[in-house]
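Asker: Please model the complete structure; the sequences and the hints are all you need to start from.
Chains as they are written, first to last, in my numbering: chain A, 1 to 277; chain B, 278 to 554; chain C, 555 to 831.
FYI, nobody ran anything at the bench for these hints, they're computed from the structure. Note that beta-carbon positions come from the ideal geometry of N, C-alpha and C, so glycine has one too. Each hint should be verified, as a subset may be incorrect.
[Stated by the list, open to error] Straight-line distance between alpha carbons at most 30 Å, and here's what the computed DSBU-like set of lysine-lysine pairs gives:
#	chain 1	residue 1	chain 2	residue 2
1	B	Lys481	C	Lys758
2	B	Lys481	B	Lys398
3	B	Lys481	A	Lys204
4	A	Lys204	A	Lys121
5	C	Lys675	C	Lys758
6	A	Lys204	C	Lys758
[What the hints assert, rightly or not] Each pair of labels, with its calculated beta carbon distance range:
#	chain 1	residue 1	chain 2	residue 2	range
7	B	Thr363	A	Val73	15 to 25 Å
8	B	Asp402	A	Glu128	39 to 49 Å
9	C	Arg748	B	Pro394	48 to 58 Å
10	B	Arg407	C	Ser585	54 to 64 Å
11	B	Ala374	C	Ala651	35 to 45 Å
12	B	Ala477	A	Ala196	42 to 52 Å
13	B	Thr363	A	Gly103	27 to 37 Å
14	B	Ala374	A	Ala102	36 to 46 Å
[Unchecked claim] Computed list of chain B residues with no C-beta within reach of chain A, every gap over 10 Å:
#	residue
15	Asp378
16	Ala389
17	Asp402
18	Glu445
19	Arg448
20	Thr469
21	Asp519
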Amino acid sequence: MTSSPARTASESRPPITPQAAAQVLRDVRASAPLVQCLTNIVVANFTANVLLAAGAAPAMVDSPEEAGILAGVASAVLINLGTLTTAQEAGMRVAVAAADDAGVPWVLDPVAIGALPMRTKLAGDLAEQRPRVIRGNASEIAAIVGGMGGRGVDSTATPDDAAGAAAEVARRFGTVAAVSGALDLLTDGRRTVRIAAGNALLTKVTGVGCSLGALIAACSAVTDDALLASAAATSLVCVAGDVAAARTVGLGSFAVALLDAISTLDADAAAAAVVGA
Amino acid sequence: MTSSPARTASESRPPITPQAAAQVLRDVRASAPLVQCLTNIVVANFTANVLLAAGAAPAMVDSPEEAGILAGVASAVLINLGTLTTAQEAGMRVAVAAADDAGVPWVLDPVAIGALPMRTKLAGDLAEQRPRVIRGNASEIAAIVGGMGGRGVDSTATPDDAAGAAAEVARRFGTVAAVSGALDLLTDGRRTVRIAAGNALLTKVTGVGCSLGALIAACSAVTDDALLASAAATSLVCVAGDVAAARTVGLGSFAVALLDAISTLDADAAAAAVVGA
Amino acid sequence: MTSSPARTASESRPPITPQAAAQVLRDVRASAPLVQCLTNIVVANFTANVLLAAGAAPAMVDSPEEAGILAGVASAVLINLGTLTTAQEAGMRVAVAAADDAGVPWVLDPVAIGALPMRTKLAGDLAEQRPRVIRGNASEIAAIVGGMGGRGVDSTATPDDAAGAAAEVARRFGTVAAVSGALDLLTDGRRTVRIAAGNALLTKVTGVGCSLGALIAACSAVTDDALLASAAATSLVCVAGDVAAARTVGLGSFAVALLDAISTLDADAAAAAVVGA
Numbered sequence: 001m002t003s004s005p006a007r008t009a010s011e012s013r014p015p016i017t018p019q020a021a022a023q024v025l026r027d028v029r030a031s032a033p034l035v036q037c038l039t040n041i042v043v044a045n046f047t048a049n050v051l052l053a054a055g056a057a058p059a060m061v062d063s064p065e066e067a068g069i070l071a072g073v074a075s076a077v078l079i080n081l082g083t084l085t086t087a088q089e090a091g092m093r094v095a096v097a098a099a100d101d102a103g104v105p106w107v108l109d110p111v112a113i114g115a116l117p118m119r120t121k122l123a124g125d126l127a128e129q130r131p132r133v134i135r136g137n138a139s140e141i142a143a144i145v146g147g148m149g150g151r152g153v154d155s156t157a158t159p160d161d162a163a164g165a166a167a168e169v170a171r172r173f174g175t176v177a178a179v180s181g182a183l184d185l186l187t188d189g190r191r192t193v194r195i196a197a198g199n200a201l202l203t204k205v206t207g208v209g210c211s212l213g214a215l216i217a218a219c220s221a222v223t224d225d226a227l228l229a230s231a232a233a234t235s236l237v238c239v240a241g242d243v244a245a246a247r248t249v250g251l252g253s254f255a256v257a258l259l260d261a262i263s264t265l266d267a268d269a270a271a272a273a274v275v276g277a
Numbered sequence: 278m279t280s281s282p283a284r285t286a287s288e289s290r291p292p293i294t295p296q297a298a299a300q301v302l303r304d305v306r307a308s309a310p311l312v313q314c315l316t317n318i319v320v321a322n323f324t325a326n327v328l329l330a331a332g333a334a335p336a337m338v339d340s341p342e343e344a345g346i347l348a349g350v351a352s353a354v355l356i357n358l359g360t361l362t363t364a365q366e367a368g369m370r371v372a373v374a375a376a377d378d379a380g381v382p383w384v385l386d387p388v389a390i391g392a393l394p395m396r397t398k399l400a401g402d403l404a405e406q407r408p409r410v411i412r413g414n415a416s417e418i419a420a421i422v423g424g425m426g427g428r429g430v431d432s433t434a435t436p437d438d439a440a441g442a443a444a445e446v447a448r449r450f451g452t453v454a455a456v457s458g459a460l461d462l463l464t465d466g467r468r469t470v471r472i473a474a475g476n477a478l479l480t481k482v483t484g485v486g487c488s489l490g491a492l493i494a495a496c497s498a499v500t501d502d503a504l505l506a507s508a509a510a511t512s513l514v515c516v517a518g519d520v521a522a523a524r525t526v527g528l529g530s531f532a533v534a535l536l537d538a539i540s541t542l543d544a545d546a547a548a549a550a551v552v553g554a
Numbered sequence: 555m556t557s558s559p560a561r562t563a564s565e566s567r568p569p570i571t572p573q574a575a576a577q578v579l580r581d582v583r584a585s586a587p588l589v590q591c592l593t594n595i596v597v598a599n600f601t602a603n604v605l606l607a608a609g610a611a612p613a614m615v616d617s618p619e620e621a622g623i624l625a626g627v628a629s630a631v632l633i634n635l636g637t638l639t640t641a642q643e644a645g646m647r648v649a650v651a652a653a654d655d656a657g658v659p660w661v662l663d664p665v666a667i668g669a670l671p672m673r674t675k676l677a678g679d680l681a682e683q684r685p686r687v688i689r690g691n692a693s694e695i696a697a698i699v700g701g702m703g704g705r706g707v708d709s710t711a712t713p714d715d716a717a718g719a720a721a722e723v724a725r726r727f728g729t730v731a732a733v734s735g736a737l738d739l740l741t742d743g744r745r746t747v748r749i750a751a752g753n754a755l756l757t758k759v760t761g762v763g764c765s766l767g768a769l770i771a772a773c774s775a776v777t778d779d780a781l782l783a784s785a786a787a788t789s790l791v792c793v794a795g796d797v798a799a800a801r802t803v804g805l806g807s808f809a810v811a812l813l814d815a816i817s818t819l820d821a822d823a824a825a826a827a828v829v830g831a
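Answerer: In structure tokens form, the structure reads like this:
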């Protein structure tokens with residue numbers, strides 16, 4: 001609540017509210033956006049099922065020969081570096097170029113960058129090309145701007161580290177930085193959203209974070225406000241995680257209950273954890 | 278019930294009955310056919326589990342170096358174009374040649390052809406090489422003969438479109454066209470089978486259609502009548518889908534219940550939805 | 555109970571007891587070892603979830619460009635040949651070299667060797683490079699030393715065949731041979747462990763054996779005694795399988811219950827099936 005230039009800039013966007021996020025989730029169900037995922041082999045199946053559960057339509061096309069053709073007509077594109085290969089890198093570069101040409105929003109998930117040079121270099125290149133959102137754990141977001149890397153897919157950054165890094169990523173690249181994991185913090189460099197839900201089990205099922213990146217892409221297909229899209233998707237996953245945790249015997253049944261919750265939660269309930277900017 | 282030439286031709290095959298289809302499902306359980314799947318990374322796990330649940334033995338070998346060796350000794354082969362790469366295309370061509378040399382039945386699933394040229398070209402080439410069955414949604418079956426493509430893996434064709442396209446595919450390529458999805462329609466160009474079961478949840482779990490292609494391959498290993506094989510596999514999945522839907526909280530538990538049902542359904546119950554030619 | 559040199563050698567190792575195995579499982583939970591998996595596309599997701607359920611941290615990095623970098627800092631490495639490609643083979647050779655340089659333990663799972671020359675050759679080469687453990691079904695273990703191959707991923711060897719082949723593999727390569735499947739038999743060529751648990755459903759869910767290889771790698775990160783690591787991991791999976799079987803409707807719910815059990819079993823209960831050397 002200041003009169004700084006930052007406030008003026010943020011006022012060019014409507015506030016991020018649970019109601020607005022719920023509308024995004026309803027719009028995804030109503031329009032079934034086609035989300036092209038160039039993602040890793042570990043989570044492709046789970047990601048597709050999460051997208052279907054949220055009402056979107058997944059298409060996992062990542063070859064250099066085909067990725068650009070689809071990206072030009074998709075509703076949104078996800079670029080996830082989890083099991084990067086040289087062929088997939090070529091596909092990603094083609095897809096991003098085609099998405100940009102066609103005005104299709106795309107999301108970058110720089111999995112496990114920092115320690116691994118090939119994907120770190122690619123993430124840096126892609127960040128310069130204006131992804132609508134960059135989603136990662138705190139270490140990955142920090143690594144995008146040269147911060148310390150994590151240990152593979154784990155995050156070792158503190159919340160304060162994360163907030164600073166997220167703001168820097170958002171400002172430098174003109175994007176939304178969506179930090180998820182132990183901490184959920186979303187910012188476009190001016191406005192910041194937190195999510196008042198979520199639990200540690202979400203970090204113990206492979207693909208939850210990666211699927212969140214895909215959901216953010218799906219939500220980006222129905223709103224130009226990338227922070228709102230990120231908030232809606234993150235709240236959905238975190239609230240679903242809380243619902244699932246209450247019905248869970250162990251990690252197997254948690255993953256099943258998570259998909260159940262994503263597919264059945266009322267949009268207002270799913271978006272209720274958004275604590276707006 | 279006409280005296281047309283078509284009828285005479287169809288009489289060279291026994292009628293497609295629930296009883297005959299049930300025997301196919303029993304024969305799969307008894308002989309555990311080895312089904313080599315050259316398939317996409319999204320559904321490989323689910324497909325393997327569906328095959329195991331039905332009593333078959335999956336083997337996902339698709340490299341150009343190894344695919345042909347296995348295809349020559351497999352019980353059946355599935356070619357699914359869902360995440361086609363140039364290396365996989367080479368593996369597919371080798372596998373089909375080896376399967377043909379050895380008399381091993383193979384099934385083509387032309388996922389998302391139409392919009393994507395590389396896979397559309399390959400599907401056209403492979404269709405000319407006499408797959409025992411071509412399985413797809415209505416748009417994919419239409420696209421094999423130059424019809425409109427779908428939106429990725431979705432089908433946008435009507436039932437009437439589908440019936441015409443299926444008949445054309447079956448006649449032109451001397452194969453069975455197995456349309457599944459919102460509509461289940463199987464034809465060898467003379468006889469037509471429909472399935473009196475199935476529900477929309479089956480289209481909301483990734484890999485159900487792709488796994489059906491693998492099951493058709495498994496069934497093709499135990500009968501020379503490809504329409505009967507297609508009918509048995511499709512009825513199994515659709516009936517299992519109905520059983521699962523009755524026990525389902527959401528899409529996560531539906532997928533689990535579907536595998537449960539495939540693995541536990543009595544063959545007669547599983548085949549009961551066949552409405553014969 | 556002889557006074558042969560073999561006995562003297564085995565006495566340089568503590569006995570394999572349920573108590574020692576339970577401590578290994580507790581140490582995995584306490585230290586969350588980073589297990590790099592170069593594995594097949596069919597089981598990558600399930601393997602990651604099994605590792606998470608046991609308290610380890612999975613990282614599926616297998617490209618030639620990145621595999622060696624991670625292997626040098628991982629806690630353990632799994633090499634699984636299930637869907638071998640030429641690129642992955644290059645990644646595996648780099649990873650093994652880096653793991654050896656850094657003293658990182660690695661485990662070889664020679665899936666479906668015997669019938670398929672490319673992977674059989676690679677398995678032979680890698681076996682010479684001193685994997686801490688070679689895990690496979692009886693046919694795969696036999697094929698490592700030139701025995702008969704199986705039918706894809708199935709085992710056709712008898713228990714007596716398996717015991718002889720396992721002892722030969724262990725002695726020739728100075729490793730632990732871990733035979734799992736219908737038979738669970740673990741040996742370092744001097745000591746032999748059996749597992750008094752497990753059931754046939756474990757062979758009907760894809761990826762259980764492959765995930766066991768990853769768990770053996772995780773356990774190898776916390777003990778130098780590779781036979782103890784193998785015993786702890788195998789007992790965990792087999793006991794979890796028995797727990798899961800008691801709660802199972804069919805193969806879908808069995809896989810879910812298996813993950814539930816792996817994530818919730820007390821270490822002493824999980825290790826209780828170890829019948830020590």
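Asker: Checking the smallest CB distance to chain A, is arginine 448 of chain B really beyond 10 Å?
Answerer: Arginine 448 of chain B is indeed farther than 10 Å from all Cβ atoms of chain A, at 30 Å.
Asker: Can the suggested window of 27 to 37 Å be confirmed for the beta-carbon pair threonine 363 of chain B and glycine 103 of chain A?
Answerer: holds, 29 Å
Asker: For the pair aspartate 402 of chain B and glutamate 128 of chain A, does the Cβ-Cβ distance stay inside 39 to 49 Å?
Answerer: holds, 40 Å
Asker: When you look at the beta carbon of alanine 389 of chain B, is every beta carbon of chain A farther off than 10 Å?
Answerer: violated, 7 Å
Asker: Just to be careful, I want the Cα atoms of lysine 204 of chain A and lysine 121 of chain A compared with a cutoff of 30 Å; is the pair within it?
Answerer: holds, 28 Å
Asker: Verify the CB-CB distance for alanine 374 of chain B and alanine 651 of chain C against the hinted window 35 to 45 Å.
Answerer: The hinted range 35 to 45 Å holds for alanine 374 of chain B and alanine 651 of chain C, with Cβ atoms some 36 Å apart.
Asker: Between alanine 477 of chain B and alanine 196 of chain A, does the C-beta distance stay in 42 to 52 Å?
Answerer: About 34 Å separates the Cβ atoms of alanine 477 of chain B and alanine 196 of chain A, which means 42 to 52 Å is violated.
Asker: For the hint 48 to 58 Å, verify it against the beta carbon of arginine 748 of chain C and that of proline 394 of chain B.
Answerer: holds, 56 Å
Asker: If you check the beta carbons of arginine 407 of chain B and serine 585 of chain C, does the distance land in 54 to 64 Å?
Answerer: holds, 56 Å
Asker: So if I understand the rule, the pair passes when the alpha-carbon distance is 30 Å or less; does lysine 481 of chain B with lysine 398 of chain B pass?
Answerer: The hint holds at about 28 Å.
Asker: Checking the smallest CB distance to chain A, is aspartate 378 of chain B really beyond 10 Å?
Answerer: holds, 28 Å
Asker: Hey, lysine 675 of chain C versus lysine 758 of chain C, does the alpha-carbon distance stay inside 30 Å?
Answerer: Roughly 28 Å between the alpha carbons, so the hint for lysine 675 of chain C and lysine 758 of chain C holds.
Violated hints, listed in ascending order, are 12 and 16; each of the other numbered hints is respected by the structure.
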